[in-house]
Amino acid sequence: MTNLPDPEEHWALFLDVDGTLIHIAEHPDSVQPSPRLGEILNAAADAFDGALALVSGRPIAEIDRLTERVAPAASGLHGLELRTPAGGYEAPDHDTPGMHTARERLQALTDEHAGLYLEDKQATLALHFRQADDTARRAAEDTIDAIKNDAGGALSVLAGKSVLELKPARGNKGRALQRLMSDPPFAGRCPVYVGDDVTDEAAFVAVNSLGGVSIRVGEPAVSAARYRLNTVDEVLAWLEQIATTLNPETPPT
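Here the numbering used here is used: the first residue of the sequence shown is 477, the next is one more, and so on.
If you're looking for bench data, these hints aren't it; they were derived computationally from the structure.
Bear in mind the structure is a predicted one, so any value in this text is a computation, not a measurement.
Cβ atoms here follow ideal geometry from the backbone N, Cα and C, with glycine treated the same way.
Mixed in with the good hints there might be a few duds.
Stated by the list, open to error - Computed spacing ranges between beta-carbons, pair by pair:
#1 Gly-564 x Ala-697: 32 to 38 Å
#2 Asp-525 x Arg-646: 29 to 35 Å
#3 Arg-512 x Ser-685: 42 to 48 Å
Please build the complete structure, drawing on both the sequences and the hints.
What follows is the structure in structure tokens.
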């Protein structure tokens, strides 16, 4: 671990999922969460009186499935979907102009090139190329750029780890974080965000603007994050350490 600040009781934790709490897999459906993930998150949430939210590019239903729904507050689809601590729900827009045509074009592209996989999240479209060759990757990049340009500003592109994701231009993880920070038990606390990818940069910027703690997971890279953890395993160990430090009655795991 890098030299992270000592945990404070007034923190509010915001955690990305893939690449932060769960190791990235070759296929998004193949991820294997630690069998202790729910236990670790519950202990961390208790340390901050429930001020813990999960923020992901996955839909909230998938976040819940992977984490045993330990967090009442969550944001999915890169900030387009939101569940508040009190149980309120803000649904994503499935009718963004240009998305239907984009879906057809990307499906045709995956039929043409082996190694490409289209993850259809309804409100967003994620084109994975981790298993594709260079020709297929270039075709993916060119097609995504063309779709974005044809949409006339209605769509934006998030470039993640071996994935390009088309989404409505409105909304991002930073705005979702700011929205959750307005409600109890987050309001008035110091936000702490942990993420591993370019898609988390908006949240890093938002946290920094609020005087919080931004932590990037992975190798050193250009980032707005001010601290770093190396791996998913380090993140889980850090969360356990926090729970033990702030809640000494937490049983060792």
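Hint-by-hint comparison with the structure:
About 35 Å separates the C-beta atoms of Gly-564 and Ala-697, a value consistent with the hinted range of 32 to 38 Å. Under the hint 29 to 35 Å, the C-beta atoms of Asp-525 and Arg-646, about 32 Å apart, fit the expected range. Between Arg-512 and Ser-685 the C-beta distance comes to about 34 Å, which lies outside the given range of 42 to 48 Å.
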